[in-house]
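Construct the entire structure; sequences and hints are all you get.
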Amino acid sequence: LSPNLKDAEEINSLLFDMNKLFEKFVTYQLKDKYNLPIETQEQKYYLIRQDKFILKPDIVIRRNNKIYILDTKWKKISQDVKDISQADLYQMLSYATVYRVKENKDIELYLIYPKTDKFKNPMKFNFNDFYNTILILFPFDIKRYILKKL
Numbered sequence: 113l114s115p116n117l118k119d120a121e122e123i124n125s126l127l128f129d130m131n132k133l134f135e136k137f138v139t140y141q142l143k144d145k146y147n148l149p150i151e152t153q154e155q156k157y158y159l160i161r162q163d164k165f166i167l168k169p170d171i172v173i174r175r176n177n178k179i180y181i182l183d184t185k186w187k188k189i190s191q192d193v194k195d196i197s198q199a200d201l202y203q204m205l206s207y208a209t210v211y212r213v214k215e216n217k218d219i220e221l222y223l224i225y226p227k228t229d230k231f232k233n234p235m236k237f238n239f240n241d242f243y244n245t246i247l248i249l250f251p252f253d254i255k256r257y258i259l260k261k262l
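The number in my numbering is simply the position in the sequence shown, starting from 1, with 112 added.
Quick list of in silico lysine to any residue cross-link-like pairs, SDA-like style, CA-CA up to 25 Å:
1) Lys188 to Arg256
2) Lys185 to Asn240
3) Lys178 to Gln153
4) Lys132 to Glu154
Across the chosen pairs, the derived CB separations fall in these ranges:
5) Asn177 to Glu122: 56 to 62 Å
6) Ser125 to Asn238: 42 to 48 Å
7) Ile123 to Lys145: 34 to 40 Å
8) Asp192 to Ile123: 37 to 43 Å
By construction, these hints were calculated from the structure, which means they are not laboratory data.
For every residue, glycine included, the Cβ atom is placed at its ideal position computed from N, Cα and C.
Given below as structure tokens:
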């Protein structure tokens with residue numbers, strides 16, 4: 113901008129919530145490529161029995177007596193465990209706990225982040241819970257899908 117405000121031009125801008133956009137993009141690719149029975153932003157269960165704190169995972173897939181719960185995060189991480197948000201881990205564990213109790217099925221969790229030069233390979237963890245719940249941090253290669261369509 114010019115220091116003289118009377119010379120300033122009006123500029124229009126367009127802003128997107130990248131978390132929502134990334135979630136929609138991942139969901140679209142899963143439906144398009146794998147034709148999976150996907151529920152998005154499912155609001156079926158509560159964290160507390162008094163119908164408080166609705167759980168809203170980004171993506172829920174039910175297949176072969178197993179529930180896959182996926183949450184997308186528009187964050188840059190590396191292969192270093194210290195980059196993982198503790199709040200994200202608690203969120204995923206709460207999903208697993210409630211869904212397992214309500215539906216009595218095995219649970220597998222995925223945190224999906226954009227693939228970067230520092231985060232190229234999936235990382236697998238087991239929660240220290242009674243069920244040894246699996247959590248996979250998955251690098252989603254956005255460029256691959258965009259370039260494939262062009």
